[in-house]
Amino acid sequence: MEGPYFKNNFEIDNRLSLSIPNSGGIWKINYLEEASSMPPTTIYIMLPLAGTEISPNLRSDLSEIERIAQQVEWNFYNPVGFTECLLSTFYNDGRGDFYGMSQPFFHVSPEYLTSNPRPKDGSPWEINFPRKHLLPGNYIYNTITTWYGIETDTATLNYFYVGNMMGHLNSMDSRYLEVSEYVLGGALLLSRTNILAKTSSFLAGMLVHSQNDYDKFGYKASKSIYNQNYGEVNLWMDMMVPNLATTENYFLVPPCNCEVINIHPPLFIYLTNEQVNECNE
Amino acid sequence: MKKNLLILFLIFSIIFIVIINKGSVIRLLYTIYKIKVNNRAFYDAEAVRTQKKMNELSTELDDILARDNSSYNTQEIMIKRGSVPNGVHTNTTNTISGLSVRDSDYEYIGMPIAMNALIESIDEIDRQYGLSPVNFPFRDRLNKIKFLVNSHGYNIRDLYKSYSRLIELDKKHDNMPKTTHIISLSENQESKNFIIKIDTIFHDKNNIAYILILLDYHYSQGAIENIFDETEILVSVVDKSSLSIDIKNAILHYALRTVSFFGYSTDDRIEFLRQSTNAKVGIGCVHLLNMLEKMSVF
Chain A
598 MEGPYFKNNF EIDNRLSLSI PNSGGIWKIN YLEEASSMPP TTIYIMLPLA
648 GTEISPNLRS DLSEIERIAQ QVEWNFYNPV GFTECLLSTF YNDGRGDFYG
698 MSQPFFHVSP EYLTSNPRPK DGSPWEINFP RKHLLPGNYI YNTITTWYGI
748 ETDTATLNYF YVGNMMGHLN SMDSRYLEVS EYVLGGALLL SRTNILAKTS
798 SFLAGMLVHS QNDYDKFGYK ASKSIYNQNY GEVNLWMDMM VPNLATTENY
848 FLVPPCNCEV INIHPPLFIY LTNEQVNECN E
Chain B
1049 MKKNLLILFL IFSIIFIVII NKGSVIRLLY TIYKIKVNNR AFYDAEAVRT
1099 QKKMNELSTE LDDILARDNS SYNTQEIMIK RGSVPNGVHT NTTNTISGLS
1149 VRDSDYEYIG MPIAMNALIE SIDEIDRQYG LSPVNFPFRD RLNKIKFLVN
1199 SHGYNIRDLY KSYSRLIELD KKHDNMPKTT HIISLSENQE SKNFIIKIDT
1249 IFHDKNNIAY ILILLDYHYS QGAIENIFDE TEILVSVVDK SSLSIDIKNA
1299 ILHYALRTVS FFGYSTDDRI EFLRQSTNAK VGIGCVHLLN MLEKMSVF
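If you read the protein sequences in the order shown, they are chains A and B.
With this note's numbering applied, the first sequence closes on residue 878, and no number is skipped along the way.
With this note's numbering applied, the second sequence closes on residue 1346, and no number is skipped along the way.
Keep in mind that the hints were calculated from the coordinates and are not lab data.
Careful: at least some of the hints might be erroneous.
[Stated by the list, open to error] Derived DMTMM-like pairs (lysine to aspartate or glutamate); straight-line CA-CA distance at most 20 Å:
no., chain 1, residue 1, chain 2, residue 2
1, B, K1220, A, E681
2, B, K1328, A, E875
3, B, K1245, B, E1235
Nothing here was measured: the structure is a model prediction, and the numbers come from that model.
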């Protein structure tokens, strides 16, 4: 058995354990059955996997985005309030940004990850910690997840959501096209990272009008956005292997204070009709 | 017995519906088939990519392990692959210096160019995987307008800079009187009455402000053909005008942004637009109107 942070207890209790599984690495295991004439079996374990496949979850959210877009009554002639409304859709203050990581198991408590022995349905291999765990001191909640079989950054997906809302608003009013460009420029200026991919994500969201469009266009957008990732996100993504398992821990609101082990989309899509306009008062 | 009759009734109803709507049913089935075929090709290709990535990583690990039998982590493998400069680790300090490099790499240059880049990259993916392209019914008309702008000697990459500069200047001032009046009309009048009143204000139908308002009016009515028609006129009128190049650029950016949005609209959006109208007209060109009014162009 070869690889980083590997603790071999196999001969004692038939268990192999990785002392720091979220640090990433490739492990090679040569397994040879005693007293067997068969050659050894080689197994590679690659970690970390990206978060699980999220494309059906996004598809379901599209109807919520359309609903919220129909309720928007932001005052164009109150630029401060209007800008605040729009930019709030990018921040994790109860309105914007993805939060957490997509996983193939149902929601779990924080104790889940540290429990010993691990629960029966537990799978230590799908752990894709947010960056704060990978890079000490860099406290960011976005994760790499799988979108149409391709690795993607959840921070970039947030732009898809806002763009999609703006696309619905734009349909019949040229003022919304004006503010779409304004808010995109503003968000990119504040973000200052991975802006090519984020721009494409925003615009792809804007061009997708329906779930039917998403089916025809979404996977191509995912690939295009993947191709445009660069810098630190690209490095981070390079470490990950796509995870095609179904996401089971997708929530509207985290059921517990376990942000790193559940995922929810930008919360502005679930606001009530009144709440969506509160920012502009 | 009753249950069997009910099932028979349902089967005959479905057959009847299929016969009546055979065109749309066949189209629907064909669309589902195409999506499935497209998705299959794409997923197969992605599966190959994933497998290739795993194989590459595994081979690299083998190389490393063969060279030295000690443990290596992913960071070292990434360095070997040239993903990060040799010896540089992704700690916080380097992340910050990395950001400054990235900032200089890319500057936002406006929605028409960014949208065009996205669609071209998707075209490339379609070619790469042999996929059917997404249908944008007005894409040809958009290309015609882009060609027109280019043929008059404008560099599309310069347009947004001029636009954003002028907008920032205008935001520091209140709206001009005529522009304020037009906004007030748009807010207080139904769209049909609004455009009648605008027609009486502007005697010169080649006035740039008038064409811009007309563009916003057609926008609110989802009249896409009219949007493209007016934009073609606008490009020629702007080009012939005596306005400065900066102002011409700004107006052309506004027009190009509008037609890019509609030029890359899918069948579903266009279908939606054809069935909808806005009761009021939103005036998105307020800053341009202010600018033109300051110059006494209207």
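Hints and how they fare:
This hinted pair checks out: B:K1220 and A:E681 have alpha carbons roughly 18 Å apart, not beyond 20 Å. For a cut-off of 20 Å, the pair hint linking B:K1328 to A:E875 is broken: about 23 Å separates their Cα positions. At roughly 13 Å between alpha-carbon atoms, B:K1245 and B:E1235 fall within 20 Å of each other, so this suggested pair holds.
Going through the hint list in order, the structure does not satisfy hint 2, though it satisfies all others.
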